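Colleague: Sequence:
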Amino acid sequence: MGLRSTGRGEEKQVVDLDIAINKGNPNKPAIVFIHGLGMDKNIWIDPSKSRILGGRIPLATLLSKRPAVKDFGFCKEEPKKTSIISTGEQHKVIKTLFNDLYQKNYSVLAWSQNRPAGPIDAIVSELEQVIKSARKMTNAGIILIGHSRGGIIARKYLMEKDSSIRGLITISSPHKGSSIAKVACYLKPIASLIDPFFKNVDKGKFSSSIKHILNFLKSNALKELLPNSPLISSLKDEPLEWVYYISVGGTDPTLFCLYRWRWDKLKEENSWRWILKPQELFSVPEIFHKVIPDKIFPDEIKKGSGDGLVSAESSKIPWSNEHYEFALNHAQILFDKGVRDLLIEKINKISS
Numbered sequence: 128m129g130l131r132s133t134g135r136g137e138e139k140q141v142v143d144l145d146i147a148i149n150k151g152n153p154n155k156p157a158i159v160f161i162h163g164l165g166m167d168k169n170i171w172i173d174p175s176k177s178r179i180l181g182g183r184i185p186l187a188t189l190l191s192k193r194p195a196v197k198d199f200g201f202c203k204e205e206p207k208k209t210s211i212i213s214t215g216e217q218h219k220v221i222k223t224l225f226n227d228l229y230q231k232n233y234s235v236l237a238w239s240q241n242r243p244a245g246p247i248d249a250i251v252s253e254l255e256q257v258i259k260s261a262r263k264m265t266n267a268g269i270i271l272i273g274h275s276r277g278g279i280i281a282r283k284y285l286m287e288k289d290s291s292i293r294g295l296i297t298i299s300s301p302h303k304g305s306s307i308a309k310v311a312c313y314l315k316p317i318a319s320l321i322d323p324f325f326k327n328v329d330k331g332k333f334s335s336s337i338k339h340i341l342n343f344l345k346s347n348a349l350k351e352l353l354p355n356s357p358l359i360s361s362l363k364d365e366p367l368e369w370v371y372y373i374s375v376g377g378t379d380p381t382l383f384c385l386y387r388w389r390w391d392k393l394k395e396e397n398s399w400r401w402i403l404k405p406q407e408l409f410s411v412p413e414i415f416h417k418v419i420p421d422k423i424f425p426d427e428i429k430k431g432s433g434d435g436l437v438s439a440e441s442s443k444i445p446w447s448n449e450h451y452e453f454a455l456n457h458a459q460i461l462f463d464k465g466v467r468d469l470l471i472e473k474i475n476k477i478s479s
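Using our numbering, read the sequence shown as starting at 128 and increasing by one per residue.
Keep in mind that the hints are not guaranteed to be accurate.
Claimed, not checked - Simulated crosslink set (SDA-like; lysine to any residue; CA at most 20 Å straight-line): (1) K303 / A244; (2) K464 / N397; (3) K176 / Q217.
Stated by the list, open to error - Beta-carbon label-pair distances, calculated as ranges: (4) I402 / N355: 52 to 62 Å; (5) N475 / K417: 39 to 49 Å; (6) P445 / K222: 25 to 35 Å; (7) K219 / D391: 24 to 34 Å; (8) N347 / E204: 53 to 63 Å; (9) S361 / F199: 54 to 64 Å.
Quick caveat, the hints were computed from the structure, so don't treat them as lab data. From a predicted model like this one, the values you see are computed outputs, not experimental measurements. The C-beta atom is built at its ideal place from N, Cα and C for all residues, glycine as well.
Take the sequences, apply the hints, and build the full model.
Modeller: Set out below in structure tokens:
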């Protein structure tokens with residue numbers, strides 16, 4: 128991934144940062160990537176190492192597609208299943224905007240927030256340090272790219288009216304807040320609804336994962352993003368004439384699906400042809416309809432209205448120069464080729 132360094136400033140309050148830096152053409156803007164709540168820099172540079180929702184689910188699970196049918200051919204006896212349950216077929220290679228832009232000779236920087244679920248003001252201070260490093264790598268200003276809460280962090284920073292910032296791109300950021308924390312209290316029964324599907328797997332591990340996910344959804348950091356929360360209400364920034372604003376949101380709330388493998392056999396002469404097919408057991412958040420009253424079912428998890436964590440309406444910067452929506456979930460939107468190609472085109476436009 129190129130040079131990795133630890134950023135250290137000269138001021139007493141400066142803290143060590145785990146930062147990844149790839150140097151490019153100093154005549155192009157430097158790009159600073161800001162990850163979201165509970166994540167780290169790997170979501171930009173090595174997504175295969177990223178975990179989400181309290182660190183319990185691999186990011187790749189949110190990017191999975193329906194498993195392909197497996198044809199075992201003709202067998203006298205039923206073949207053995209390699210597994211009973213599947214979360215889908217994962218992509219072998221996940222490409223990122225960080226790598227795309229480095230390949231196009233932009234300087235790119237991403238860091239892991241010391242407290243990724245901590246107070247946002249502390250993270251803004253870290254961003255200030257990263258931007259100081261970015262300024263040394265470019266003669267053409269800086270573009271900020273934030274995912275989820277990362278976009279809110281960028282807006283908080285821009286309240287300082289930094290004239291070196293040329294563009295802000297937010298991806299699935301809750302500019303009007305997110306209501307997910309409001310419905311977390313309804314999700315406790317989900318474990319008992321899902322439990323029967325796990326008769327032949329490690330229930331202890333499953334129960335522990337569900338507990339951690341629920342704790343994450345009820346965390347103070349997520350409550351900080353509620354509409355009308357002190358944080359969202361404190362966004363007193365305004366459009367800066369030298370900054371170009373682009374926001375992107377998703378409209379497919381399906382975060383992941385669980386499948387069970389079922390045998391389908393076809394008789395041909397004296398033999399059976401064994402075919403293993405995936406049967407969808409449930410999807411998240413579709414299963415939430417069983418426990419969340421319709422009257423309070425949030426847009427964040429409605430088909431066509433949100434990406435599973437942030438509503439399409441909330442993902443729009445109030446004064447964005449350009450806003451785009453894609454039928455993708457909160458994670459897919461980071462890696463989708465169509466989104467990446469669009470943003471590369473817009474970054475080239477800002478840079479010209």
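Colleague: Now tell me, hint by hint, if it's right for this structure.
Modeller: Consistency of the hints with the structure:
| no. | hint | verdict |
| --- | --- | --- |
| 1 | K303 / A244 | 19 Å, holds |
| 2 | K464 / N397 | 48 Å, violated |
| 3 | K176 / Q217 | 13 Å, holds |
| 4 | I402 / N355: 52 to 62 Å | 53 Å, holds |
| 5 | N475 / K417: 39 to 49 Å | 46 Å, holds |
| 6 | P445 / K222: 25 to 35 Å | 31 Å, holds |
| 7 | K219 / D391: 24 to 34 Å | 26 Å, holds |
| 8 | N347 / E204: 53 to 63 Å | 56 Å, holds |
| 9 | S361 / F199: 54 to 64 Å | 59 Å, holds |
Checked against the numbered hints above, the structure violates only hint 2.
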